[in-house]
Each structure stands twice: as C-alpha cells, then as structure tokens.
Amino acid sequence: MLEARNITKTFGGLTAVDDVSFALADTPITGLIGPNGSGKSTLFHCLSGFYGADRGELSLAGTPLTGLAPHKISALGIARTFQFARVLPFMSVRDNLLAVAPGQSGERLRSVFFAPRAVRRQERALQGQADAILEFLRLDPLSGTPAGHLSYGQQKLLEIGRLLIARPKVVLLDEPSAGVNPALIKQILKSIKELSRQGLQFFIIEHNMSVISQLCSRVLVMDAGRLIFEGSLAQAQKSQRVIEAYLGTGTHAAYS
Amino acid sequence: MDYLLHIAIMAVIFMVFAASLNLQLGVSGLYNFGQVAFFAIGAYASAILSTGGAPIGLSMLAAIVVAALAGLLISVPLLRMRGDYFGIASLAFAEMIRLLALNERWATGGPMGIPAIPRPEWLGMAPTSLVQFLVIAAALAALALAGLGVLQRAPFGRTLKLIREDENVAMAFARDVKAFKRRAMCVSAAAAGLAGALWAHYLTYISPNDFTVQTTILLLLCLVLGGKGTIAGPILGAGLVMVIQEALRFLPLAPELGRLVAPIQGIVFGAVLVLLMIRRPQGLIGEMRE
Ligand SMILES: Nc1ncnc2c1ncn2[C@@H]1O[C@H](COP(=O)(O)OP(=O)(O)OP(=O)(O)O)[C@@H](O)[C@H]1O
Ligand SMILES: [Mg+2]
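Line by line, the protein sequences are chains A and B. The first sequence begins at 1 in our numbering and counts up by one. The second sequence begins at 257 in our numbering and counts up by one.
Only chain A is shown next, with the shape it has when bound in the complex (with noise of 0.2 Å):
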C-alpha cells in the first residue's frame, strides 16, 4: 500500500538517493539492506516527510504523501523509529507510551477544561493500554522508571512499544537491533512478529542477516543510492550484483 516512485534526494554534489521506486505491496515484512552509506536513512527520512526529496512521488492506499510535513504523514498511518534510540530520557517509561498514544482529547484546551470527565476516562483506558503493552515486551517492573535510566536494547524495545500504542499501519524501523543484546534482539522480534500479526506492515533496515531472514519474506537492496535488487533474502545472496556491492567493487556512482 506505500508506494514511491522515482524518489531523489541529493546532499550538494552527492546523491544519497538515486530515483528509487518500489511498493511494498501486501509483503507484511519488507527488509531494506545495503552496504553503510547506500542512503537507506535517507529513504526512510523521505519517506516519512523528514526530509523533502528532490524529486518524486509518495502514496499510501492511494492517497498522495508528496510534499506533506512529518506530523502529517504519521496521522495518516505511518510510524518510523530512528537508527538510533530516542526515547525522552526524563519521563517515566510508561509517560514515554501515554506521550505518543493518537487522538487524546485532553491535548485540546477546550476539553481539558470543559469536558475533564471525557479526559480522565480515556487517560484510564490509555494507562491500561499502555500497562498491558509493558506487560507484553516485560518492561512493567520499569514502568515508572525514567526511560534514561534503561539500557540501550531496552530503550529500543520502548520504541517499539510506542508503536504499539500508536496503531500506525505502516511503521518504518531503522536498524532495530542495532546495539541490542541477543535476548532483546529476541524479544524485540518477537514484539515485531505480533504486531505483524495483528496486520501492521514493516519495512525493516536491518545489518543483522539473522534478524533480516526471520523476519523478510521480501528484501529491497540498495547500494550507492540505487535500488539494486528485489526479491527474496535467498536470492539476494546469490545476486552477483548484491555481492558486487557488499564486496565494494560496485561503481560509486552517487559521486559526480
């Protein structure tokens, strides 16, 4: 259901992505590889609004995401995390979820004073919400810790929770498992596998092969900006033009 088409964005002289078009289509788990640098970042920033592309076309189930600013975006259904973890280290783990759940009706001034029943009964259903969702990933014993407190892996498993609670339909993962240890790496796939159950639908940047081949019925490669190969983990591993890039002996074409 998320399309792009011909999507360019250059830094000066150099392209970090080079007319990319591909549509994730009904794959529930699409993984996004490529050697450092090949501008997978930048993709996902384009894709999410964060940056503008220089050139092309977005859409999602049919309605156009061209142009429209991040907060936009993400109310029309698509989430992202970023390569690196951002929680907001002073508030509790649990205020990290209550902060992003959509459509509060007490984030409008008019409600909060003037219907403050309406308010506090869906900041109940929220905190059971987001208490059943820590239960999930086994954060509850830090619930009302603050998330600076957390390791690196689990700070990235709050991430995910958040976009547990914010139901987006598309979520945009950047390297999840980066910097994690094995047991979160476990649990954190195990928290995508669910939510992918529960028809959410990923397109996953990931280093770690293992990550990629339990997740990705389906991978996007990309080398110097350029969408280089679609298909299968399998068949990627075996594309001459894959190992090309992995092996760097591919034309760096993004340098003018």
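One should not assume that every hint holds.
Straight-line distance between alpha carbons at most 30 Å, and here's what the computed DSSO-like set of lysine-lysine pairs gives [to be verified]:
no.	chain 1	residue 1	chain 2	residue 2
1	A	Lys238	A	Lys193
2	A	Lys238	A	Lys72
3	A	Lys169	B	Lys434
4	A	Lys72	B	Lys434
5	A	Lys169	A	Lys186
6	A	Lys190	A	Lys238
Rather than coming from a laboratory, the hints here were simulated on the basis of the structure. Remember, predicted model here, so these are calculated numbers, not experimental data.
Could you slot chain B with the ligands onto chain A? The hints should help.
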C-alpha cells in the same frame, strides 16, 4: 503589618507571572526572554481602560484577552526561529513593546507613565485597603495557577514536554509541533497579562521603566530557583524571590545608605544563583520527583 501585606501581594502577582513563563520555558522548552512584554501589555491595557472609565473587572478581562492575542500574533514570527534565535527575538520583542510604551504618549503617557490607576473595591472596603487587594489578587491568582496546573498535568502538558524533549519524535507521532507551541504561548501570554493587570491596579502607577529586561531577569530567577517544568516550582520560587527582594528593602540601613539597597539585592540574588547552580541546578523542586 502593611509591609507584610505588601510582600504577600507582590508574591502572589509574581507567582502567576512566573507560572506563565514556566509553561513556555519549563514545560515547552521555549526560551522566551521577553515574557515581560505580555506583562506590560496586560498592565497598560487594564490601566488605559480603567483610567478611561471602564469598570476594573472588564478592564482586567480585556487585558487578558489583549495579551493572549499579542501572544498568538507574536508566536507566528517567533516560532519560525529555533533555539537561540527564538530567545534573542523574544528579547527584542519585549524591548519593542517597551519602546512603544515610551513613545506612544497619546495612549501610554510616554515616559511619565499612567498615574491614578484605580484599585478595585469589590469587597466593599476602601480602595486603600491592602487586605481587600490581597484577597482579590489571591483569588484571581489561585484561579490562574489552578488553570495552568491543570493544563500541565493534562495530556496537553505531556505533549508539550514531549515536544520539549524531542521534536522529531513528536512529529513522528503526528503532533503538529508549531500548533502546540502557539497554544502554549497564547495561554502563557494570557496569564502574564493577568499578572500585569494586577500589578498595575496594585501600584496604581506604571511607566515603561517597570518593564525592562531587569524584570525578566527577576522572573527567570524565580523559575530557576523554584524549579522549572514543575507546577509548584515557580510558585515557591516567586514567593521566595519576592520575600527576599522586599525584605532587603527594609534593611535597617542609615538613610544615607539607602542607595545601597539595589546593589545589595543584586549581590544576594547573584549569590543565590551561584549557590543554586552548584548545589541544585534543577531548582528547589526537581522535575523527576514530581
Ligand atoms: N543530512 C545530510 N547531509 C549531507 N549528507 C548526508 C546527510 N544525510 C546523509 N548523508 C549522506 O548520504 C549518504 C547516505 O546516508 P544514509 O545515512 O542514508 O546511509 P545508510 O544506508 O542509512 O547507512 P548506515 O547503514 O550506515 O546507516 C551518506 O553518504 C551520508 O553521508
Ligand atoms: Mg542508516
């Protein structure tokens, strides 16, 4: 006795003023160094209207509305700027408002200011009664502080903190960052306008000199001392700062040493700040323990 009442009234007014700035600086992370502008706008609006014959209640209400509108208007250019630039521009805005008051004599009396601003007599006592003014000011302040506290505790305040901590995350979760900041500035300006109006009716005389960067610094001290980002912090901070400031005014100094009062205030506040930065940089009430 009058002297205690005076301190109490000043403290109550500054509690509202400090809490108003806290919504921006403490909760939203908007480093507005020109909050005194909204205080001035509230003071002048209520003073001009009430000396022109309007009822005091109506004048104060108008002052709040005018200050809120000013907050909304100025938020448009200010919110185009980020971080340091926002702070500098807000400082410039406050100077502009002060210069406007200095030069538009037909409305503000220019450097002579506005004298004979009436005091409310809503409780049937003489206008000179400080008890009466304290009760009125405290009631209005309690309303304003309660309103700000409710907002801060509500999801609205939580979203402002989300924006303060990480704008990108806020945007990634569908929050219109500018719209939230605009609302925070508008509410904050309204509360500062109320504080300014109370101040004008209490002192019965205002002039552009009351609204210099000096006042902004005093206000920042209240916030930093009490603990920004909390609900009780600005209230505690404003109370302490006003008690210290006004108490120093009544030091048993020989009359010829009277000119030393202002420098002594400066030294004491400077020392308080230094001590605070060393011992408790988060202020007396730290945010995470809330
Ligand atoms: N804001 C920016 N300004 C200038 N150049 C940038 C910017 N962001 C990314 N780049 C450059 O664009 C290229 C692609 O970077 P990007 O971060 O998208 O790579 P990546 O595939 O995510 O790499 P990694 O796997 O290391 O995270 C790199 O050469 C990078 O230096
Ligand atoms: Mg990257």
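- [ ] Determine which of the earlier numbered hints do not hold for this structure and return their numbers in increasing order.
- [x] Violated hint: only 2; rest satisfied.
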